[in-house]
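Asker: Take a look at the letters that make up each chain.
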Amino acid sequence: MLERRSALAVAHPFAWAALTLGEVRGFTLTQVAGFGNFAADVAATAGALPETSNQAVESNGRTIFRTGPHAFWFVGPENDDLAARLAGKAIVTPLSSSRTRISIEGRAAREVLRKGIPIDLHESVFTPGMFAQTGLHHTPVLLHCTAEQRFELYAMRTFALNVWEWLEDAALEFK
Amino acid sequence: MTFRRLPSGGRIDRNRPVGFTLDGKRYRGFAGDTLASALLANDVTLVGRSFKYHRPRGIMSAGVEEPNALFTLHDGARTEANMPGTIVDLIDGLTARTQNAWPSVELDVMGINQLAAPLFQSGFYYKTFMGPTKGAWMFYEPFIRRAAGLGAATEAADPDRYETRFDFCDVLVIGSGAAGLAAALSAAGGGGRVLLVEQDSALGGGLLSEPEQDGWLQARLGEIRNASNIQALTHTTAIGLYDDNMVVLVERHDHRQPDPAKGQARQVLTMLQAKAIVFATGAIERPLVFANNDRPGVMLASAVRTYLNRFGVAPTGRAVIATNNDTAYAAAFDLAAQGVEVIVADSRTEIPADLQRRNSIEILAGTSVVDVKGKNTLHAVLDGAEQRTITCDVVGMSGGWSPVVHLTSHGGIKPVYNAAIAGFVPGGFAKTHSGAGAVMGTFGLNAAIREGAAAGGGSIAIAAAGGEDRPYAIVPTWMPPRRKGKAFVDFQNDVTAKDIKNAHQEGYHSVEHLKRYTTLGMGTDQGKTSNIIALAEMAELRGLPIEQAGTTTFRPPYTGVSLGAIAGRTIGGHFRPTRRSPLHDWHAANGGVFIEAGLWQRAWYYRWAGDTPESAYVKEMGLVRRGVGISDVSTLGKIDVQGPDAAEFLNRVYVNGFAKLPVGKARYGVMLNDDGIVLDDGTTTRISETQFYMTTTTAQAGEVMSWLEFLLQTQWTDLKVQVASLTDEWAGMAISGPKARAALELAFPGVDVSDAKLPYMGCLDFSFDGVPIRLLRLSFSGELAYEVHLSADYAISLWEHFLKTGASLGLKPYGLEALASLRIEKGHVAGLELDHRNTLDDLGLGKMAGKEKDYVGKALRQRPMYQAPERWSLVGLELLEPEKRLRGGAILFAKDDKIEGHGRGYITSVTWSVELGKTIALALYNGGLKHVGEEIVCAFPLKNELTRAKIVSPHFIDPEGKRLHA
Chain A
1 MLERRSALAV AHPFAWAALT LGEVRGFTLT QVAGFGNFAA DVAATAGALP
51 ETSNQAVESN GRTIFRTGPH AFWFVGPEND DLAARLAGKA IVTPLSSSRT
101 RISIEGRAAR EVLRKGIPID LHESVFTPGM FAQTGLHHTP VLLHCTAEQR
151 FELYAMRTFA LNVWEWLEDA ALEFK
Chain B
1 MTFRRLPSGG RIDRNRPVGF TLDGKRYRGF AGDTLASALL ANDVTLVGRS
51 FKYHRPRGIM SAGVEEPNAL FTLHDGARTE ANMPGTIVDL IDGLTARTQN
101 AWPSVELDVM GINQLAAPLF QSGFYYKTFM GPTKGAWMFY EPFIRRAAGL
151 GAATEAADPD RYETRFDFCD VLVIGSGAAG LAAALSAAGG GGRVLLVEQD
201 SALGGGLLSE PEQDGWLQAR LGEIRNASNI QALTHTTAIG LYDDNMVVLV
251 ERHDHRQPDP AKGQARQVLT MLQAKAIVFA TGAIERPLVF ANNDRPGVML
301 ASAVRTYLNR FGVAPTGRAV IATNNDTAYA AAFDLAAQGV EVIVADSRTE
351 IPADLQRRNS IEILAGTSVV DVKGKNTLHA VLDGAEQRTI TCDVVGMSGG
401 WSPVVHLTSH GGIKPVYNAA IAGFVPGGFA KTHSGAGAVM GTFGLNAAIR
451 EGAAAGGGSI AIAAAGGEDR PYAIVPTWMP PRRKGKAFVD FQNDVTAKDI
501 KNAHQEGYHS VEHLKRYTTL GMGTDQGKTS NIIALAEMAE LRGLPIEQAG
551 TTTFRPPYTG VSLGAIAGRT IGGHFRPTRR SPLHDWHAAN GGVFIEAGLW
601 QRAWYYRWAG DTPESAYVKE MGLVRRGVGI SDVSTLGKID VQGPDAAEFL
651 NRVYVNGFAK LPVGKARYGV MLNDDGIVLD DGTTTRISET QFYMTTTTAQ
701 AGEVMSWLEF LLQTQWTDLK VQVASLTDEW AGMAISGPKA RAALELAFPG
751 VDVSDAKLPY MGCLDFSFDG VPIRLLRLSF SGELAYEVHL SADYAISLWE
801 HFLKTGASLG LKPYGLEALA SLRIEKGHVA GLELDHRNTL DDLGLGKMAG
851 KEKDYVGKAL RQRPMYQAPE RWSLVGLELL EPEKRLRGGA ILFAKDDKIE
901 GHGRGYITSV TWSVELGKTI ALALYNGGLK HVGEEIVCAF PLKNELTRAK
951 IVSPHFIDPE GKRLHA
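As given, the protein sequences belong to chains A and B, one line each in that order.
The first sequence: position 133 = 133 (my numbering), numbered continuously.
The second sequence: position 516 = 516 (my numbering), numbered continuously.
Rather than coming from a laboratory, the hints here were simulated on the basis of the structure.
Hints are all accurate, no fakes.
Chain B is faced by these chain A residues, among others (derived, beta-carbon under 7 Å):
#1 Ser98
#2 Pro118
#3 Thr139
#4 Arg157
#5 Glu173
Listed below are the simulated BS3-like cross-link pairs for lysine-lysine, each with C-alpha atoms no more than 25 Å apart in a straight line:
#6 B:Lys858 with B:Lys720
#7 B:Lys884 with B:Lys943
#8 B:Lys720 with A:Lys89
#9 B:Lys962 with B:Lys757
#10 B:Lys262 with A:Lys175
#11 B:Lys918 with B:Lys619
Glycine residues also receive a C-beta, built at the ideal position from the N, C-alpha and C atoms.
Based on the provided sequences and hints, a complete structural model is requested.
Answerer: In structure tokens form, the structure reads like this:
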């Protein structure tokens with residue numbers, strides 16, 4: 001009876017020749033943190049963890065981002081029981097509702113993102129698999145390069161529609 | 001006729017004629033023209049009136065340094081004032097207007113200012129500030145403003161679009177003259193990402209005016225086009241250099257006639273980070289200072305050459321070239337080649353033999369132009385070895401060259417004087433910076449190419465240009481010859497050599513004082529042609545070498561920047577980010593009216609209750625006091641605090657105890673900054689032995705989160721605690737009113753929400769329809785109330801479920817206005833009281849603080865000043881004059897006080913009390929509740945109001961808390 005509703009329910013995804021803007025729905029985001037060598041316990045359950053904080057790792061159907069010295073984000077399928085399986089082994093915080101996952105794809109994608117994201121997005125520098133915790137329009141975002149011309153932006157849910165509106169406006173010249 | 005378009009030649013596209021207007025009159029030019037070149041081609045030489053004296057002025061230069069030829073472009077909302085015609089690309093339909101002249105530049109009544117010139121001499125502004133009487137400035141200002149000035153900006157909103165963006169590169173090359181091209185190609189050979197930026201409409205810099213080097217230029221441009229790792233941008237100015245090799249670039253697209261409706265930007269501002277920077281910014285020619293050197297037709301010699309070679313515009317008959325160096329001879333020979341009669345007045349007594357051997361021009365050694373006479377025709381007065389007056393179409397002057405050191409010194413490295421070139425060159429470079437070409441004082445073409453190639457990394461060889469480099473051979477001349485008539489140093493600000501003498505006489509010796517006293521170097525050109533001359537003159541007056549007189553500080557921007565480019569798209573709805581609750585869409589679709597609260601859009605009130613906030617909130621308050629309402633509290637800060645030391649951590653953060661809070665219980669807590677001032681309050685619930693669910697006020701959510709992280713990462717690194725923000729993860733809704741429990745029972749059948757199971761300050765976690773629900777029995781309103789928290793994705797669905805199941809109870813939504821007013825009746829403090837100025841005791845919360853335990857802010861809250869009995873503290877107020885109003889911010893006075901000064905306190909929050917049927921307020925008042933029962937005066941000077949009120953307890957309703965525990 002209770003239904004999920006996206007923060008972008010009123011937004012209009014579009015696909016132009018140079019740019020596609022959309023939303024990825026139905027995922028589970030689990031933040032896992034801890035103390036000491038908790039990472040070993042987590043890896044035993046969830047698979048190898050990334051060593052660096054700019055390269056995502058794909059493992060067991062999940063994308064794993066190292067978001068801090070002692071923290072990871074696991075982005076898994078809609079019905080992921082990871083949180084339950086890690087209970088007691090680490091500090092687990094479910095965050096699936098807290099982030100909205102916006103996809104930006106096309107040959108104009110990097111240029112649109114350059115209008116707001118102050119990191120080097122050149123295709124020789126920000127390559128597929130890399131991610132960055134950065135900012136867009138004064139809000140914190142995690143930007144993940146999933147292919148040469150495709151990105152996923154994890155925006156804070158309460159800012160997500162505004163980030164979307166900002167992207168729509170930034171993209172206008174590529175319509 | 002003094003100028004004409006040559007039948008062939010130049011870099012203009014003669015197949016593409018372009019129409020434009022000046023002051024409504026139609027003219028034609030060609031694509032590739034600037035506004036200035038097209039005007040000269042149409043023999044328009046008088047294009048403006050000067051700033052102070054309204055002297056007739058013409059085009060002096062062919063670049064960004066132009067002091068005179070400023071125009072107002074376009075019409076209506078697109079009006080843009082003070083644009084140098086020398087950098088405006090001619091586009092079809094361009095409308096330009098002359099400035100600072102009425103009724104026209106030809107017949108300007110303000111020219112009378114010249115007669116009143118003594119009034120307008122340097123320091124005039126300052127003297128009117130100081131006297132002769134106290135009101136002098138007030139008296140003069142309107143006259144000065146009317147008489148002197150530049151173009152006027154429009155007040156209409158700019159209809160164009162502007163973008164800002166970020167970019168990165170390995171090597172940034174600024175300037176695309178010979179040195180810049182060589183640097184870019186050389187750098188590209190190293191494989192890095194090279195960005196070459198050029199402010200002009202075409203790459204080439206000075207080479208665009210040198211037809212004999214066109215072969216070299218075209219070959220290099222071809223190589224640049226073919227280099228996949230060079231991006232070359234024209235119409236792009238590096239306006240400033242900042243820390244960490246950040247350079248701000250502004251790219252102008254006017255020539256493309258961008259359409260804002262299609263998202264096309266008129267200007268793009270790029271914040272560029274470069275690993276290395278090559279400054280190949282060139283040099284700007286200086287005028288010579290002589291009487292009436294500002295007459296239309298007196299131009300820089302290099303500009304005469306540019307108009308001739310790049311734009312195919314030449315003087316018709318005779319030209320006088322006045323110089324103190326070799327470079328002006330290039331113009332002389334090129335003019336002579338076009339059949340112009342050329343006389344060179346060279347102030348040097350010895351002139352290189354090779355120049356003299358070319359007999360196409362007449363050379364007068366040891367001779368200077370000392371005056372220019374004539375109104376419509378120029379008569380150049382020559383003095384020195386030869387004394388003649390020559391009637392001519394143009395005087396081309398060259399006082400030498402000033403390297404464009406601006407950007408190189410933005411980082412704080414002052415330029416230094418190089419006597420050999422009579423100019424300032426960069427005083428050094430940061431590790432990743434280098435310079436090449438004229439900016440370094442290297443004026444020879446091949447030397448510049450070699451220097452550019454080296455600066456670019458030297459990874460590939462760059463072909464040499466044809467011919468030999470010839471010396472610059474300047475013998476500097478700064479001071480004007482002694483003549484009657486104004487000899488201008490700063491043309492734009494009408495500063496003459498005499499003004500500099502006056503400044504010296506009055507003691508303004510430092511170059512910085514000279515600038516401010518005379519206004520020299522200010523304005524749109526920022527003294528690009530005048531600064532060096534002025535400080536050389538001042539040095540001479542002081543008897544100092546130029547290097548000791550120094551330069552003024554160069555600051556960004558190098559050239560004018562439109563405010564639009566700086567703002568970018570940070571305008572209108574994108575001025576700042578907007579934050580929306582997970583319930584936003586429901587409010588919007590169901591009669592919610594929004595109000596901005598910080599970045600949040602919050603539901604202020606609902607249409608069901610009324611069409612104005614005044615009528616609606618009272619009805620919504622009544623709903624909560626007598627029935628049951630539902631309100632969106634998702635904006636509250638929510639923080640997950642987990643770890644074995646979580647309880648100890650919270651016990652230190654809050655003034656009151658949290659160590660022994662039982663699992664399943666909530667507690668109200670207050671935290672202080674380490675200075676003893678209240679930071680925030682909120683309710684924190686113990687979920688398990690090692691997990692707490694903290695809530696904060698909406699306003700301080702981010703600050704509290706940062707504060708907790710700061711404490712854990714720097715102060716108590718031994719505590720095993722992790723914090724995570726849940727503000728966006730969890731939605732919250734308050735169910736408040738005497739029928740709140742009934743509403744919960746209807747919404748969650750089968751869940752025991754009885755007082756025994758869920759008492760006041762209790763917490764119940766359960767699953768509803770597979771979704772985890774956290775039910776907290778808390779009250780902000782003072783009524784029986786609950787907060788329901790759940791994953792934000794399900795918020796609207798659950799909200800609608802409540803409204804549906806609670807319909808029989810009359811359950812309806814209430815907004816922020818009612819929420820905030822209910823808490824005033826209850827006497828709860830909120831953001832207006834927690835304003836980072838008040839202590840625990842000020843807010844009446846001193847008794848909460850733990851006596852035994854330690855907590856952040858404990859030591860400093862004991863400071864005597866914070867404990868002074870006469871400090872203000874929280875009181876309630878009741879309005880005694882029902883026909884009047886209490887207002888937030890009103891200043892409070894005792895009944896018999898004189899109404900002046902800061903009073904004894906102020907009103908923080910006001911509302912109509914549904915319960916009491918009167919206006920009430922919360923306030924801070926010296927001595928606080930000691931004064932209960934006293935009548936006071938609330939002064940609101942903005943509306944000239946004095947209102948009587950009575951001090952009461954801030955707990956207006958249910959002081960025993962019976963309703964909370966119902």
